[in-house]
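Visitor: Chain by chain, the residues run as shown.
4 protein chains.
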Amino acid sequence: MAPRKLQIAAAGLGRMGHRHALNFLNRAPRAQLVAAFSPDSKEHEWAREHLEPHGVTLYTDYDEMLKQEGLDAVVIGTATSVHAEEAIKAMQKNLHVLCEKPLSTSVDVCRQVVEEAKKRPHLKVMCGFSRRFDDSYQSAYGKIEQGQIGRPTILRSQTCDKHDPSGFFVEYAAWSGGVFVDMSVHDIDLTLWFFGNQIVPKSISAHGCIAVQPGLAQHKDVDNAVGIVEFWGGQIAYYYCSRMMAHGQEDVTEVIGTEGKLSVNLNPQINLVQTYSGKGITKEVPAHYYGRFEMAFVKEANDFAAACLDDTPLPMPIENAVKAVQIGSWLQEALVTKRQIHFDQSGKRLGKANL
Amino acid sequence: MAPRKLQIAAAGLGRMGHRHALNFLNRAPRAQLVAAFSPDSKEHEWAREHLEPHGVTLYTDYDEMLKQEGLDAVVIGTATSVHAEEAIKAMQKNLHVLCEKPLSTSVDVCRQVVEEAKKRPHLKVMCGFSRRFDDSYQSAYGKIEQGQIGRPTILRSQTCDKHDPSGFFVEYAAWSGGVFVDMSVHDIDLTLWFFGNQIVPKSISAHGCIAVQPGLAQHKDVDNAVGIVEFWGGQIAYYYCSRMMAHGQEDVTEVIGTEGKLSVNLNPQINLVQTYSGKGITKEVPAHYYGRFEMAFVKEANDFAAACLDDTPLPMPIENAVKAVQIGSWLQEALVTKRQIHFDQSGKRLGKANL
Amino acid sequence: MAPRKLQIAAAGLGRMGHRHALNFLNRAPRAQLVAAFSPDSKEHEWAREHLEPHGVTLYTDYDEMLKQEGLDAVVIGTATSVHAEEAIKAMQKNLHVLCEKPLSTSVDVCRQVVEEAKKRPHLKVMCGFSRRFDDSYQSAYGKIEQGQIGRPTILRSQTCDKHDPSGFFVEYAAWSGGVFVDMSVHDIDLTLWFFGNQIVPKSISAHGCIAVQPGLAQHKDVDNAVGIVEFWGGQIAYYYCSRMMAHGQEDVTEVIGTEGKLSVNLNPQINLVQTYSGKGITKEVPAHYYGRFEMAFVKEANDFAAACLDDTPLPMPIENAVKAVQIGSWLQEALVTKRQIHFDQSGKRLGKANL
Amino acid sequence: MAPRKLQIAAAGLGRMGHRHALNFLNRAPRAQLVAAFSPDSKEHEWAREHLEPHGVTLYTDYDEMLKQEGLDAVVIGTATSVHAEEAIKAMQKNLHVLCEKPLSTSVDVCRQVVEEAKKRPHLKVMCGFSRRFDDSYQSAYGKIEQGQIGRPTILRSQTCDKHDPSGFFVEYAAWSGGVFVDMSVHDIDLTLWFFGNQIVPKSISAHGCIAVQPGLAQHKDVDNAVGIVEFWGGQIAYYYCSRMMAHGQEDVTEVIGTEGKLSVNLNPQINLVQTYSGKGITKEVPAHYYGRFEMAFVKEANDFAAACLDDTPLPMPIENAVKAVQIGSWLQEALVTKRQIHFDQSGKRLGKANL
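First to last, the sequence lines map onto chains A, B, C and D.
So in our numbering, the last spot in the first sequence is 408, and the numbers never skip.
So in our numbering, the last spot in the second sequence is 408, and the numbers never skip.
So in our numbering, the last spot in the third sequence is 408, and the numbers never skip.
So in our numbering, the last spot in the fourth sequence is 408, and the numbers never skip.
Certain hints may be false.
Note that the list lumps identical chains together, so a pair holds whenever it fits in one copy or between two copies.
Straight-line distance between alpha carbons at most 30 Å, and here's what the computed BS3-like set of lysine-lysine pairs gives [stated by the list, open to error]:
1. Lys196 x Lys332
2. Lys332 x Lys215
3. Lys171 x Lys391
4. Lys352 x Lys332
5. Lys172 x Lys215
6. Lys196 x Lys401
7. Lys95 x Lys332
8. Lys273 x Lys405
9. Lys401 x Lys332
10. Lys146 x Lys215
11. Lys215 x Lys352
12. Lys58 x Lys405
13. Lys332 x Lys120
14. Lys405 x Lys120
15. Lys332 x Lys142
16. Lys401 x Lys273
In case anyone wonders, no lab produced these hints; they're calculated from the structure.
The structure presented is a predicted model; accordingly, all values stated were derived computationally and were not measured.
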């Protein structure tokens with residue numbers, strides 16, 4: 054008899070949502086996409102062409118979708134503002150949840166999701182930090198575990214998007230939580246992975262500027278920012294995020310240990326071609342995040358399906374997702390208030406919040 | 054109603070065969086693997102675990118499998134010696150055929166397959182030159198088509214395997230057709246692609262040596278060989294093939310045109326990690342062919358399924374597969390006989406064959 | 054008649070001093086090394102073998118050396134603590150001065166040198182920031198000037214030394230001024246070069262840790278530090294300095310502009326060799342600063358000689374050397390006091406100094 | 054007392070000649086350029102400005118120059134056609150000789166130089182194969198000597214010039230000896246170095262084409278050529294030379310051994326800068342041979358001076374220079390006659406010469 058497949062529903066069919074839907078439909082053999090929800094009529098049109106013919110039932114109401122018989126799980130790729138609510142509802146229907154990052158731009162809201170998840174330990178609840186499923190990052194992690202670089206001490210990580218002159222990012226900044234929460238959260242998650250989930254921040258600094266998107270000022274956001282997080286164990290992570298790259302997506306990480314160093318994607322490339330011309334030798338760069346991490350998202354879908362079906366551990370505890378957003382929020386606060394933030398060894402904040 | 058899927062059977066479940074089977078099972082959404090054949094009991098054991106539960110009927114007899122109702126296509130990944138016969142039988146049953154390269158190590162036998170295919174132009178018959186489906190090679194081809202390097206004039210291409218001390222390659226040499234037919238055939242196929250299918254060889258030279266596998270001598274084969282093919286249009290291709298790499302698979306191609314140059318995989322890498330130690334900065338290399346070309350095989354499966362279902366052209370004519378083996382055989386002859394081979398402008402060989 | 058050569062004396066024959074002496078002796082055709090001073094008997098021994106036979110008069114007293122007839126200039130490569138005094142004395146003797154960086158670890162002392170220099174505008178007085186003479190940095194600067202990256206906005210620069218387990222750096226920390234003054238001063242100088250000498254700091258943050266040299270604690274120094282300088286014009290520079298590299302010297306700079314980016318030495322290398330082994334593909338890295346910048350020091354010697362002989366401008370105003378040390382000192386203060394430092398638009402510091 | 058310097062005269066002040074002269078004048082501290090000869094009035098004009106003021110006596114007659122008192126050595130950078138004669142004359146005047154490559158395009162003439170040199174073993178006579186003095190090649194050689202790649206078996210080496218549309222190379226082809234003698238001779242010399250001077254060719258093949266310089270046909274030369282030399286010891290070297298590069302000079306060498314591989318300059322670069330733009334990430338390439346090998350020429354001058362002054366061995370026997378030209382000539386013959394050439398184990402040619 055054919056092995057059971059994970060019956061999964063997709064919520065949201067926008068930029069990331071439709072990719073999750075397609076990955077579960079076509080590239081996760083142990084899962085079966087059986088339902089999809091979107092409040093958007095254009096997305097429905099797309100779904101009628103690309104999902105419905107393959108046996109996917111479409112919904113305009115999230116709650117209705119959750120009632121579909123036989124559902125095991127939901128992948129949430131809607132707007133960030135409804136992630137948490139939808140995740141909680143799904144858990145309440147006894148469904149596993151894979152939620153696009155972040156759970157929320159609000160740390161408190163994130164915590165509600167975690168609390169709900171703690172009540173239902175038999176459910177797999179994961180916030181999708183795609184880099185955890187990337188071959189290169191997994192290889193780097195393996196080398197660190199093997200002790201190849203000694204004790205990891207310094208982490209430099211950047212998330213840099215290609216400049217988008219359309220104004221999209223200005224609008225997006227209204228609710229994104231700011232660049233450190235929206236972009237650096239990936240780098241912070243890597244920090245938790247490579248330094249260990251238990252690390253405790255000691256102090257945080259951040260600086261930023263607006264270079265190409267003046268409209269960001271109205272949302273107290275910036276298009277380039279640099280932040281430092283010092284931890285009590287003596288580690289330091291520093292981050293750069295930018296939406297100003299001329300050449301494409303450039304997400305780079307370096308981990309420096311007491312006995313060696315690792316870099317990931319120091320030399321970004323779209324493929325293995327080099328072009329030689331009168332200008333020199335040129336390598337092209339992926340234009341977007343998905344161009345760099347497509348296969349990581351596919352692996353995420355497969356690993357999530359496997360964890361649900363086999364009841365095996367997820368690669369990261371859901372608490373991490375809160376911690377990453379928390380640190381991102383502190384960086385954003387340090388940026389906006391122009392003040393350094395300090396913590397005691399238990400992680401308790403010293404002084405009052407500046408906001 | 055769900056769109057029709059290509060009902061495909063897999064012949065051969067060995068090294069490449071089982072990969073083709075899994076790709077059609079799991080990673081080609083428009084295809085459905087419905088049958089599999091292997092004469093080998095170990096392969097059957099594997100298939101009972103990995104294929105049968107997913108609705109794949111298993112066969113120990115190729116002819117029996119071809120009788121299965123509803124079949125549209127066969128992917129052939131058996132031993133080279135039976136490729137042609139199985140391909141012809143499948144066509145005679147009105148099935149599309151994707152055959153692992155080469156069709157045969159004998160040019161005459163290759164031609165029989167092509168003749169059978171010509172009789173049935175409604176069938177899609179493809180010899181699987183995986184590099185045609187590789188992102189990087191496709192990007193390079195696109196740039197050439199756009200004229201980025203002017204007129205392509207010189208092609209350097211190498212297929213270099215990691216040294217395998219097990220003796221496997223010595224045994225394999227008994228029936229592989231020799232290194233130029235077995236390995237360089239990929240590079241020759243790239244030549245036909247990049248220079249144009251119609252190019253006519255003018256002269257051929259080849260030299261080789263045995264450096265690490267003395268047993269190859271009994272099969273008149275070598276473990277390192279270099280060959281040159283000069284074409285009547287003024288182009289030159291030169292090839293290096295080796296089974297002696299210490300570091301892993303290294304398949305590199307350069308195309309030099311009158312106004313620029315392209316390279317593919319000049320700096321092989323298994324992923325985007327660099328390791329920094331007292332020895333310097335190190336990048337790891339894939340150990341095997343599949344490590345370099347896995348996604349090309351997946352694309353091949355998908356593109357083949359699409360061509361069959363939509364009746365669209367395949368990326369290469371089946372005649373090319375013969376031409377590539379023919380040029381490979383001439384290189385092998387030049388190697389063994391230590392003589393240059395010459396051709397007139399129509400491609401007719403000058404002088405007698407030396408063998 | 055043979056063109057006049059710059060008659061130059063070398064003060065200090067230690068690590069950098071003897072290199073300056075040899076460069077002026079052998080690799081600066083328009084200069085002639087005619088005198089050398091060292092208070093150290095071992096250095097004298099070396100000089101008797103390597104300098105004296107070539108007509109260089111040796112001194113154990115700096116003041117005596119300055120009296121040598123015909124002297125045009127002095128290159129100062131003694132201990133930092135005497136740089137300023139020696140530079141001032143040389144100027145008072147009407148000699149051009151090339152002084153190894155920094156003029157002093159004290160900003161006030163630096164300023165005395167600058168004041169002396171201002172009194173004698175006919176003298177060439179330069180603090181040797183070697184990277185200004187490096188081919189790659191000069192090429193990067195040229196591209197910025199041509200507008201290739203739009204408006205330079207973000208600068209990332211790191212100075213990372215190979216780990217030296219001998220304890221040298223602990224001892225050295227007693228008087229080095231701290232890592233930001235000793236190491237990052239180069240990166241700060243690049244910032245002044247690439248962003249413009251007139252940029253005014255707005256705020257400064259820094260964090261550091263001790264990972265491999267516990268003895269540094271007694272000197273309030275660290276072996277890894279990260280700092281950020283935000284400028285009033287909207288630019289941000291961030292620095293990493295470390296003495297913990299396993300692989301060698303790694304001095305990297307990136308300049309990100311509104312329309313493009315430049316990197317310098319992102320992939321350090323000792324030469325153009327790659328080694329392929331079972332571990333992968335490896336490039337070696339220079340072990341020391343001089344391994345990376347040797348030719349820049351040679352060019353520095355030549356350009357300094359030319360500026361003196363032809364009375365042409367030096368590539369950087371001496372004031373910059375003070376500004377770089379000043380910013381380095383603020384970073385060090387921010388590191389030690391764990392507080393962000395702020396400035397008004399005129400560059401005046403806000404709040405009291407924390408030290 | 055100042056150590057004696059090598060008193061050297063420069064013959065020829067053209068493209069390479071004036072570089073040799075300047076290197077001995079300015080960048081070889083143990084040598085003193087005291088005389089220079091050129092038959093060309095423009096070169097004299099240049100010399101009156103750049104050499105004469107530094108005490109260099111100028112000559113319009115080579116023989117006159119040789120009579121200058123105190124001369125120790127001559128560096129010959131005239132036209133190839135007079136290299137041999139001038140070298141022999143210098144030896145007859147008891148002078149050391151550094152001769153630009155090749156000694157001659159005629160093997161017989163080369164041999165006359167060698168015979169003269171053998172009569173005077175106290176003289177240092179060197180043909181300037183600059184790559185022998187290049188840091189990267191020296192490092193590669195050291196690694197081979199240490200056994201890092203096992204037994205060197207396959208050598209791939211290319212000398213590729215930037216396309217020069219001026220027609221210079223067509224004119225030059227009249228007397229250059231052909232591309233294999235003019236360009237690949239460097240790669241052949243590397244072969245002798247890395248495989249050992251005693252290797253004996255077994256068979257030689259070559260193919261070429263004219264892609265961008267139709268005028269070459271009149272001189273039986275080509276602008277792209279590929280050749281293979283198989284040696285009796287089981288090694289194979291293969292060469293590519295071209296004058297068609299769009300991007301600049303690209304001289305690459307790979308040495309593949311039974312246990313590893315080395316590459317030199319696989320990724321050509323003019324410096325350490327990378328430029329990031331909408332096109333991707335670009336590295337520039339040196340436009341000319343001297344851009345790649347300038348420092349090797351400087352080291353050559355210094356090492357030659359040292360060998361003369363200290364009577365230490367030169368890095369390569371003068372016989373090698375003949376052997377390299379001989380192999381280059383055979384490749385050129387194989388190219389022009391379209392026939393493979395064979396040799397017995399003693400190196401004696403089998404069959405008649407085809408020309």
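Visitor: Give a verdict on every hint.
Guide: For each hint, the structure was consulted:
1. Lys196 x Lys332: between (38 Å within a copy, 13 Å between copies)
2. Lys332 x Lys215: both (22 Å within a copy, 12 Å between copies)
3. Lys171 x Lys391: Neither: 36 Å inside a copy, 37 Å across copies.
4. Lys352 x Lys332: Answer is between; shortest inter-copy Cα gap is 26 Å, intra-copy 38 Å.
5. Lys172 x Lys215: For lysine 172 and lysine 215, neither the intra-copy (41 Å) nor the inter-copy (50 Å) Cα distance is at most 30 Å.
6. Lys196 x Lys401: The answer is neither: 32 Å in one copy and 48 Å across copies each exceed 30 Å.
7. Lys95 x Lys332: Cα proximity of lysine 95 and lysine 332: none, with 43 Å in one copy and 33 Å across.
8. Lys273 x Lys405: Close inside one copy (20 Å) and across copies (28 Å); limit 30 Å.
9. Lys401 x Lys332: neither (54 Å within a copy, 42 Å between copies)
10. Lys146 x Lys215: Answer is neither; intra-copy 40 Å and inter-copy 53 Å both fail.
11. Lys215 x Lys352: both (25 Å within a copy, 28 Å between copies)
12. Lys58 x Lys405: Answer is neither: 50 Å inside a copy and 63 Å across each miss the 30 Å cutoff.
13. Lys332 x Lys120: neither (60 Å within a copy, 50 Å between copies)
14. Lys405 x Lys120: For lysine 405 and lysine 120, neither the intra-copy (45 Å) nor the inter-copy (64 Å) Cα distance is at most 30 Å.
15. Lys332 x Lys142: This pair counts as neither: shortest intra-copy Cα distance 56 Å, inter-copy 46 Å.
16. Lys401 x Lys273: Classified as both; 26 Å inside a copy, 26 Å across copies.
Violated hints, listed in ascending order, are 3, 5, 6, 7, 9, 10, 12, 13, 14 and 15; each of the other numbered hints is respected by the structure.
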